[in-house]
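S.K.: So you can see what is in the structure, the chains are spelled out below.
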Amino acid sequence: MGKKKSEVYSVEVNGIKDIETTDEGDGKEKYRGLKNHLGYKKEHQKEELKKELDLDDHKLSTKELEDKYGTNIIQGLTSTKAAEILAQDGPNALSPPKETSEIIKFLKQMVGGFSILLWAGAVLCWIAYGIQFSKDKSASLDNVFLGVVLALVVIFTGIFAYYQEAKSTNIIASFSKMIPRQALVIRDGEKREIPAEQLVVGDIVEIKGGDQIPADIRILASHGCKVDNSSLTGESEPQSRSCDFTHENPLETKNIGFYSTTCLEGTATGMVINTGDRTIIGRIASLASGVGNEKTPIAIEIEHFVHIVAGVAVSIGVIFFIIAVSMKYPVLESVIFLIGIIVANVPEGLLAAVTVSLSLTAKRMAKKNCLVKNLEAVETLGSTSIICSDKTGTLTQNRMTVAHLWFDNQIYQADTSEDQNAQIFDQSSATWASLSKIVTLCNRAEFRPGQESVPIMKKIVVGDASETALLKFSEVIMGDVMERRKRNRKVAEIPFNSTNKFQLSIHETEDPDDKRFLLVMKGAPERILEKCSTIMIHGQEQPLDESTAAAFQTAYMELGGLGERVLGFCHLYLPEDEFPDTYPFDVETMNFPTSDLCFVGLLSLIDPPRSTVPDAVTKCRSAGIKVIMVTGDHPITAKAIARSVGIISANSETVEDIAKRLNVPVEQVNKREAKAAVVNGMELKEMSPEQLDEVLINHTEIVFARTSPQQKLIIVEGCQRQDAVVAVTGDGVNDSPALKKADIGIAMGIAGSDAAKNAADMVLLDDNFASIVTGVEEGRLIFDNLKKTIAFTLTKNIAELCPFLIFIIAGVPLPIGTITILFIDLGTDIIPSIALAYEKAESDIMNRKPRHKKKDRLVNQQLALYSYLHIGILQSLGAFLAYFTVYAEQGFKPARLIFLRSEWEDDNINDLEDSYGQEWTRYQRKYLEWIGYTAFFVAIMVQQIADLIIRKTRRNSIFQQGLFRNKVVWVGIVSQIIIALILSFGFGSIAALNFTTLRVQYWFVAVPYAIVIWLYDELRKLLIRRYPGSWWDKNMYY
Amino acid sequence: MVNEKEKTGGQVLEEWKEFVWNPRTHEFMGRTGTSWAFILLFYLVFYGFLTALFTLTMWVMLQTVSDHIPTYQDQLATPGLMIRPKTENLEVLVNLSDTKSWNQHVQILDKFLEPYNDSVQAQKNDVCRPGHYYEQPDNGVLNYPKRACQFNRTQLGDCSGLSDPTHYGYSTGQPCVFIKMNRVINFYAGANQSMNVTCAGKRNEDAKNLGDFTMFPANGNIDLMYFPYYGKKFHVNYTQPLVAVKFMNVTPNVEVNVECRINAVNIATNDERDKFAGRVAFKLRIIKKT
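Taken in order, these protein sequences are the chains called R and G.
1 is the number of the first residue of the first sequence in our numbering; add one for each residue after it.
1 is the number of the first residue of the second sequence in our numbering; add one for each residue after it.
Here chain R stands alone, though its shape is the one from the complex:
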């Protein structure tokens, strides 16, 4: 075990070095920035580690330690001294990753996205007023008002987005804030419990099984102490700790326990030698913060979209500013036109709607056990093209389970599902009776008391993984194991140790007439077989001959080849005459036979795959996602599990498999023939980035075995070089750099360390790989639905923009006011655009390839053109029809309106003639203008209902999708109508809002256009479905 550990350690340190050489080897321009950044950090990090290596605490004697830290191992520190050191060193806790300050986050919301444009609009408004005011002291306050409204819009949407972000961050904050850990410390000569945070260097602490080690400690005394260092090294084997100095290297010596690792069993006393960020774990965690956080794909998409819209807004604005100026409009008025155009073009409510949609999905995912820390990560999972998954716990159940049995010369399969309720192998054989007895008795594991009502599989067991597996196995099959053990009282026992490689115990039998003792033994199969001279077949002892030995070998190889840990079982009834019931068994001198035993059978154990995983892997595959297994386990085990969950599919071979099949050396095999590859951590270390790329490109099914958590980082970078969006799962502290580096880091909620959860974008609450797949599905759905939301929202921008253009060019009275536009963007349209987030998928989204992050854009040309130039134009026509209807019916026919603007807006003209010779005062005209605004607004609203309905699908007919399946859309439609009614009838008297009541028929003017919109879109979808790949499909499918 010690050897294994040293290997792990060397891999780890080299792992850090590897990253550096990778970077140095990769002289490509694009990595320059990253490298410099990382390089510095790592240089620094390495220095720190070196310093750690120079530490000699593990070499010092107890006395020297006492002197060094000014403490006493019996009395501990004095409270005053401890307080002094605490003040000097700070609390014993990892400092959380540097958060951007709340103010900065808030300000970012204030200037991000469209906010800059709107701020510019607001400032222009105020400047315009300033100029007006300087000319005429009684200038109308309209512009100031509009500027204030624009500023408020920015501020409120900013606050809203900030609040949404903060809310989703809080979920995780509350999650990571665990119950404060207590540490048992000796101070002032007495034991006391204090929060682990208050520990200081020199404190004497006591730990026992189940505790987390509260700081880096030098072990002073130990009783069977074993620790789980997996979060540090990725190695899941328990490792013993003692006070002996066993290795020069502090990381390898047994007398140091590391912060945040768990003590599995036994007790120990130790002296704190490092606290907080100065612990080994603390340093590795700080490495993670050195890996830059990349922008999420959806953030890039939204940025892209904002650029498009802002580009359109600014260019149209500037073009029409120039047109207006050259049409001899005063510059000041042209500036106001510019503001109108910007406001019309910017979908003010959209980013808020996107945030809400994302957080709705995040909520839905949280219900499915995917806790999303960063809202944008919701979509990232959907565009994932490679998942680098851990094996233990994620793909597997993370508990040893009996997978196969071999007795009576036959291999039986055991049920390895999560609840193990169907053990179907033949239990009638007498051999099984004996075997089951050995399994039950030769086992030191016990259920923790007080769990009568807990299902067997969930009961907590004290004991190591294999024994736990055997205990549960026999409990499931034979019922009350503890009772059975009581009936077969144990008289002597030799626990398992690595030199013996067996475990033995001697029991009285439960048969009161049988006074013999039963000796039972289990251990490494070859060692057990050595000790046997007979073998039990169908309950009969038979001499162990060549053929049975060969059968044993075959079975052993076969089970071993499955990556399973095989145990042999044998027993012996001690003759009553030699061993009477008073016989003093002595385990030291072994005054009983340990040879010529009777071999009974083999059991093989494996950490079996979760039952949902194979299905999930298949889903990933059909969804075009490559699943790569990255594990610290042995290649054979890794490959076996990979095969059983389908990461390596049944009919694909590795290079080694082909070599074996063709009986040629590995070098002669054409690597491209092999679909699968199992790459060893040692091989990976030797590989250049180009070689790694080659592996990643040429093989579709890859398993990385025996890798250190640091090598994960290299693998992730390799995948990202292929332009893949990479998801990485991890739980250990050492995984955190890879989690950070990945496009989406997924930490394990149960097994994961805090550092991993901090670095991750998402936390899997049930540690289950299958949850990732549901996450992928949600992510893809939200991407599709965001497209719909954006298409819906962009459409009406044209209907809001055209009025200004016509107003400027044709000089008609303004069809819709800026404030009215804001009421569409932030009023009627908000709920419908969010409602689209509830839309169900149109087809099986898990049957298509992940989107290409550079080609499949959220907002593509088709979407923009279709929204702007097709539906948007139709909407404008419908709205203008409403506008002209109102004016014509009230007295101004279209012909009269052309170039009427300057007279219309002249405050001194109070007898403007209409088409019928009637004369209008300025206020009468203004009021008519507001009726026009309201009618235009209502027309857009009515057509947005049609727009909402057509946006439910992009390809299918609305009838295929079901008009009523998404109830929220109907809530949205009702909300549109109600908000419009309230604005029209409720605020009719508030002049500032420019809404008026409308004659009933004006509400329906645009209905024909709404129907045309719907028909046109159905036609579009029909042609797309009819003629896939056609010109129409290519240009009209967004």
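Keep in mind the hints are simulated off the structure, nothing from the lab.
Hints should not be assumed to be uniformly reliable.
Chain G is faced by these chain R residues, among others (derived, beta-carbon under 8 Å) [to be verified]: (1) 873; (2) 874; (3) 889; (4) 890; (5) 891; (6) 927; (7) 1008; (8) 1012; (9) 1027; (10) 1030; (11) 1031; (12) 1035.
The beta carbon of each residue, even a glycine, is placed where N, CA and C say it ideally should be.
Starting from the structure of chain R, add chain G where the hints point.
M.R.: Just chain G now, kept in the frame of chain R:
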């Protein structure tokens, strides 16, 4: 992502160039010639269809709108009042030493009053019975052309400007201002009772500065016979009744705020928002060198 950020200006320019014209694929702005032809053809057809659609709907809508009478008069319940000469900011400025300053007003008025010349009126319009609405029902004939009542320029007395050396009083600092009421179709102003226009200074000091004034016709009366108005299409020679106010001795060199309103049973003059509903406010300023 990292590399995107590190794009140099040159690269961006290259990419743009390639986007505008890609010599490899013969693409202009991302499309080949055929592709452009297709897309342009499509938009030609599509927008052709939209134009037709819009024209059709507009035509249908306009079919429902009558030529001679508006469908609704929602905003016109109260006719507004207006003055002539219509000046900038409704300020009647008369600088006695500067003929130019008021000559433009005079010209406007000359032109404005031309149709009121007695000869024109006699030729085109009827003599109506005063004190009664001049109703002209269609009597079964659709849109029968309507006759108008005479409003003779001579009715304006001293303000008629006829053989007037003082140019409506502008040359002597006693200007005439003409008040007219906005035309509203089928509006029976006064509800069968007589109505008149009155003027006053807005505030106390204005009243003081305003001095005396004379109104033509007497009392600022507007006769019912000029109502109702039947719209410009069928009531071609309609002559709007006027009230002229001649300000006799306005205090010179101060701005005087005058407000005239109509006193009629069915015309409200107290609308808070519409300052011209049934009333008109204007400024008078006579500049005289002392």
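S.K.: For every hint, state whether the structure bears it out.
M.R.: Verification of the supplied hints:
no.: 1; hint: 873; result: holds, 6 Å
no.: 2; hint: 874; result: holds, 7 Å
no.: 3; hint: 889; result: holds, 4 Å
no.: 4; hint: 890; result: holds, 6 Å
no.: 5; hint: 891; result: holds, 4 Å
no.: 6; hint: 927; result: holds, 5 Å
no.: 7; hint: 1008; result: holds, 7 Å
no.: 8; hint: 1012; result: holds, 7 Å
no.: 9; hint: 1027; result: violated, 14 Å
no.: 10; hint: 1030; result: violated, 11 Å
no.: 11; hint: 1031; result: holds, 6 Å
no.: 12; hint: 1035; result: holds, 7 Å
Consistency with the previously given hints fails for numbers 9, 10, ordered from lowest to highest.
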